[in-house]
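Participant: Guided by the hints, dock chain B onto chain A, whose structure is given.
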Amino acid sequence: MNHDIVLQVLDACDARRAERRAFMKNAGFAVAGATMLAACSSNDDGPGSMITPTPTPTPTPSPSGALSDQDVLNFALNLEYLEAQFYSFAANGVSLPASLLSGTGQAGAPSGARQVTFKDDAVARYAREIAGDEQAHVAFLRSALGSVAVAQPNLDLSADVNGAFSTAARAAGLVGANQAFDPYASDENFLLAAFIFEDVGVSAYKGASPLITNKTYLEAAAGILAAEAYHAGLIRTTLYRKGLTTPSLIDATEAISNARDSLDGSSDLDQGIRPIGTATNIVPTDSNGVAFSRSAGQVLNIAYLNKASVDRGGFFPTGVNGTIKLSAAS
Amino acid sequence: MNQEVELIEAFQQQAQRRKDRREFFKAFALTAVAGGGLAMATSVQRAAAQATLTDGDVLNFALNLEYLEAQFYAYAANGVGLSADLLSGSGKIGAAVGARQATFKDPAVAAYAQEIAADERAHVAFLRSAIGATAVGQPQIDIGVSPTSAFSNAARAAGLIGAGESFDPYASDENFLLGAFIFEDVGVTAYKGASPLITNKVFLEAAAGILAVEAYHAALVRTTLDAKGIAAPSLVDATEAISNARDSLDGASDDDQGIRAIGTSSNIAPLDANGLAYSRSTGQVLNIVYLNKAAVTAGGFFPNGVNGTIVTSAAN
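Quick mapping for you: the protein sequence lines, in order, are chains A and B. The number in the numbering used here is simply the position in the first sequence, starting from 1, with 1387 added. The number in the numbering used here is simply the position in the second sequence, starting from 1, with 4 added.
For reference, chain A alone in the conformation it holds in the complex:
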């Protein structure tokens, strides 16, 4: 089963994680020092003559050469369907309207989601805001893509013991064997479930940014990237504040982060919200203060909950629609 693999690599990940900060610092400076300086140091004639450096291939295994902007935006649309349906059910108890779900590929349905009974009114307001934003992202991407927009694939949003949320939570050690994780059961569970998605969206859009050639799409994608980062910042800040009185929430974010990291390859692209020294860690960044990137394949590792190269699983039981559908061999 998927979660067995996840549990195995999670153990291996713990050791790796201890060296994370030091490693990232070195890697970050190596990139900044080599790539960036190499790109710029030949310019001694003033800013007007800056030579356009040759793009250095990113270390991620994106099959960028063959991808069109439409492929990339359709890939993003699959992720937006997932987020939008989760928040729509959690906040309002309803699905996205059918008019926002049609398209090319195998049309599916979301399963197992329901409205959260929020206790903290602020969390309820946050859920409704994010639900509105994610639905807007679906509508916007569908409009931008027009007739080639992919349909919503099958989405596993259930609280079932064998559901994707439970598998992910089990991989993170939040629930035991045969226990379910119900993201709709409480404010805290909702926030943790949102945490599972949000930083991934940021790293996905950042990783996709160099793949987009059309400037209009690029700027729009930058706008969605920013929105996802606002959402992630909102969720992380709220978990941190609640974590001051419920420290297990902070532990849970670290565990989820480790589980994600165990799926997407050897580079550390993920951080929980435990403070580092006297500073908080609301913003997951490398030592350059820059957010992380994930390739499309790495994003699918997490969405499929599988570190191998597969075409379905986890939150997308029958896979995503479009041309980008394989997770990376991580």
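Derived from the structure by calculation, the hints contain no laboratory data. Glycine residues also receive a C-beta, built at the ideal position from the N, C-alpha and C atoms. Careful: at least some of the hints might be erroneous.
[Unchecked claim] On the chain B side, residues computed to face chain A include the following (Cβ under 8 Å):
{"id": "1", "residue": "Q105"}
{"id": "2", "residue": "K205"}
{"id": "3", "residue": "N271"}
Facilitator: Just chain B now, with coordinates in the frame of chain A:
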């Protein structure tokens, strides 16, 4: 003086304009999507207008903004500015004046300040490395608390303080958060607006990573103000006032929002009807940091202007 009067007049005009904001944006967005050609034309026009800019020009522009943010947070969080080795470069070198360590009561806010300070310092170091020998030096930066300081002028334009009064962003948790609020969303819109100007894919992805971090920071500040605003609603009002003041400076388009709830939803993420963050041109960003809606080359937080090739605010 004139600048201040201008700000207040513009702010009053803005109040009316703001009422129509949501409707206007919805209509505009739908038009833009329905006619994909329109969106393209807008983008092409902007690209053409700034076709002579190199990636170095754009990154140096960003570096000026990062100096401002990094110094504000470094002083507020730690009481000391950036080290001298992070400040040298081309252009007119200046100092960051008037800042001091903030008086925090809420340990969480103090910890947030520490985190943001470290991130912004990292951005300065990273951009300086990326740009290399042509990196601009730090220009003169006004982050002081006198009645005529940039913070006080901005706060006065927003109606937070009266004539002759000071706004001190270091005096309390709340003032620090509002001081941070003045900057953070602007950084997001600046990087988003600059994204189509960057040609090199490595720089582009790095800039996207900084954009994301600025949005995380902005969300941190907005969420914290939202939480504190439940008990102190004047904080929510203040964000709306600052947002309106910013909007009054940067032209007719509404690209700014406070944190007041919209219906039963919060408004932590300031987005258009498509769920996208806003863009500002470099000229619009300079309108805000110069605190001037006219085309000028200095003022506000940069009393001697910014360094580099992009130095003039937009004529609004």
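Participant: If a hint holds in the structure, say so; if it doesn't, say that too.
Facilitator: Against the structure, the hints:
| no. | hint | verdict |
| --- | --- | --- |
| 1 | Q105 | violated, 13 Å |
| 2 | K205 | holds, 4 Å |
| 3 | N271 | holds, 7 Å |
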